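Asks: Protein chains in written order, with the numbering used here: chain A, 518 to 883; chain B, 989 to 1624.
The reader is advised that the hints may include incorrect statements.
Stated by the list, open to error - Which bits of chain B does chain A cover? Going by a derived footprint, with three or more residues having C-beta under 8 Å, they are:
# : segment
1 : 1018-1031
2 : 1204-1210
3 : 1233-1246
4 : 1438-1449
To be clear, the hints were calculated from the coordinates, so they are not data collected in a lab.
Please read these numbers as outputs of a predicted model, since none were measured by experiment.
All residues carry an ideal CB built from backbone N, CA and C; glycine is no exception.
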Amino acid sequence: MLERRLYLHIDWLLLGALALLCAFGVAMIYSTTYEPTTGVAGPQVATQVWALAIGLVAFVIMLSVDYRWFADSTVMIFVGLLALLGYVLLFGTAEGGAQRWIDLGVFNLQPSEFARIVVALALATLFADRRRGPQTTGGWIMTALIVGVPFLLISQQPDLGTAVTLLPVCFGILVFAGLRLRYVAVLVALAILTAPVAFFYGLEDYQRQRISSFLDPEQDARGAGYQQIQAQITVGSGGPTGKGFLQGTQSQYNFLPVAHNDFIFSVLAEEQGFLGVVVALGLYLFVILRGLDAARLAKDRLGTYLVVGVMSGFSFQVIYNIAMSAGLAPVKGLTLPLMSSGGSSVIATLAAFGLVLNVRMRRFTN
Amino acid sequence: MEAHGAGGRDSFTVPMTLLRFSVVLAFVALGTRFWLLQVAQHEKYRELAENNHQRTIALDAPRGVVLDRDGRVLVENRYSLNVSLVREKVEDLEGTLELLAEVSGVPASTLTSVVERHRRDPVYSPIVLIRDASLSQVAAVAAHELELPGLIVQQLPTRYYRTEEVAAHLFGYVGEVDDAELGTPEFQTVRSGTLVGKSGIEQTYNNFLMGRDGARHVVVDSIGREIDTVGEQMPVEGRQLQLTLDYDLQEAAENAFAAGGFNGAAVVLDPRSGEILALVSLPAYDPNAFALGIDQDSWGALNRDTLRPLNNRALQGRYSPGSIFKIAMAVAALEEGVVTPDDTVTCRGGGTFYGQFRQCLGTHGTVDMREALEKSCNTYFYTLGEQMEIDQIHKWATALGLGELSGIDLPHEVQGLIPSTAWKREQRGEPWYRGETISVAIGQGPVDLTPLSLAIMMATVANGGTRVTPHLLKAVNEGDGFVPVPRPVPRSQVTLDPTTLAVVTDGLWRVVNNGGTGRRARIDGRDVLGKTGTAQVISLQGRVAAGDTERDLRDHGWFVFAAPARAPEIAGVVFGEHNESSGLSAEVARHVMETYFAKKDGSPRPVLPLPPLPATPQVVPPVVPAVVQPVAAANQ
């Protein structure tokens, strides 16, 4: 299946950057879950390492099989995703008020993390066929279904944050697939106009609370605004060079909640300082631009769309999470891909990059 | 296939550029944000982070120990167990206080008011809810540890007055610094909740006695757990004070009051220096109750008590001096040259002055000044009053310290009153009528004096005219031994004519030693000087008018004293509240003086006749025959 010469076209630079980011992630998870009184790090470190191992396997699989094979099996894969999401809604494991996981015994699988790849694959397959461009009615209906059904299923868990990450995937592919700019303008205008309506009628109380406390964190410093304020303090107190590994007072003494998860970048900023932030930002920017290169180099539209979809979702999540970790965006349960603690996220992200490298690697094959 | 590839690559230039541009722009924005937070505003956030995890916990300093002139420890500190509340660990404050009230027996309202008083303290600093908790209260809190998070048991230094009610007014008491005090420069560095002196020497010498609180700097996590101690300054105990007080005399005086069965006040001092040797005010209170932060009920009870136990009668009570004032009259008359010592007056049980008959308590016949003092002859002093201006009396009474503040180092001293023409004009807008001087001459009329000022008068007469400043502080120990404090300068000085002194001294000697009114103060070989006085609470006519009343209308008995006659070392006053007998007051004085001389000579101390005790049923243990019995008996 994997011909020897294909190895020559593997993007080792991108792979190296990914590996570095994953290593940073493990180090930061170690630091944030480290208990200063006992000197022991949390079980999340081991989980993350295992997830990385499984993610590596997923990565190799996604790399080895020609992406066109996945395109041919889109329908089956998409139906499989819907089945998993439906299963989660009916029989999933609940935690913290949301039912997001399937208990696999060893670890909990979060199917919504894989939705982005599947939606990217489905949309790419859809628009790879020129007859169904984004301008056609059939294209619109299909797009709405491919994005809308998983969106609804995920938002019912409820996990609006993860559901929303499907939108940049869709938007990126639509733009590349030839969505006219005036439609783009209409979409943006619509989004702006419906935002207040959605804010007052479409959101739960806690979601509204998050947004309003983002706009004015001091109004509720012990409640919803707390994390945002603490995130800023964490980042700001890190200074130019940081407090040093395991020396971050904000994370070590738990002033910053879910530090190993949603706010891992704040911890990196605290312990490694602005220097560490610049290195990490640089690595992420490199990964994104280098990944987008694969879209440019892809030998067919399918490959381009697939890479654009994956990279749009990835970029959105990275930018949103880092913005949030610096107090620039409302607090949402969105992980930072590659670094945050979370098995499903790591596996899904590595699998997605497997596809990206797959497309790039096969740019000369037929 | 080919179409895919070729068409794909070229037509994506625009969206690809757009996407890349957006991503780069977003990353530049993020980088700028991090630069702002981490470099530009780093200092601000560094401080915020430090405030998050670094705390300073105050360590209470014990107050200074207080000793008497012989070095006996009278006031010290002990460590008490206190139940305190850390609000940041409590979710349901109301529920916690209710449950604590239930298990401890302390009213919930009391607990709530304590928390309310400290609402502005940081949420992590413990608020003491139950001071000096009993073991059962501590056990109850420990048993409910899970339902009562945020409650801790602290060991805190607590003021301990070894002598309980003895000398209570002299020591005073402590209490939490109040908001008004916190605003003053003296209490600038004092934390809210600190115990400061509120009365007595605890108040006067608060700055000496208050130590320097220590502090512990700790690192805490988000739930307030202490992770590490990064620095510690130990508290410094307050300075030790040595008082001029002689506890033996204090105890002797209080015991004598108890034996006599009456309340009152006494001041005993060294007339040469003004050192206070004993200062009594009865009834007293137990200052230990204040050391723990007195509760509302006890405080209210102390304040409502009609006997006014919080009142320091020695310097806050103003009474009519009665015949004791005759000493001042005698000095004034002799110094003003109104009479000579040998001028006589014939007493036939009274006399008519300004058309009004004034009674004497006896029929003394022909008396000169010595005899008039000895017998406390009113007629003689009425006659002096007739011949004198009120302002002459005022001048000499003031020179002896009457109607003046003594300047004692105790708070809230009250000034007495000696009338004068100026006073009458200011207060009543009327001239002074000469007839009024007749009453003043025997210490009645508008003459109101504190026991302390009468003790000063006696000391001034005893030392020949120096109005010494009474004081309690003898020496201060700042850590390297006691250093005497300079003696306060006398308030004023007059040169009394030697004849005046000789005559008055002789008169006062006769009061005690020649079968006069003060004979109960006589001590063989000690040449005690003294003068009795009776302060009417109400006149005879008034008594009839008042009829049946709850008020205690019995007279007060006074006795002032000094000894030994030629060179007095000890002087003072005994005020017997409603004891109806200056003789009983003289006995208190005698016991104090006997104790003083016995102590000085190293001879056995005088023993008081024990006051009759109510017969309490005795539990008699059953007699167990035992072989050790004879041995025990032999030991006795």
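Asks: Evaluate each hint against the coordinates.
Replies: Hint check:
1. 1018-1031: holds (count 10)
2. 1204-1210: Result for this restraint: holds, n = 4.
3. 1233-1246: violated (count 0)
4. 1438-1449: violated (count 0)
This entry does not satisfy hints 3 and 4, going by the numbered hints stated previously.
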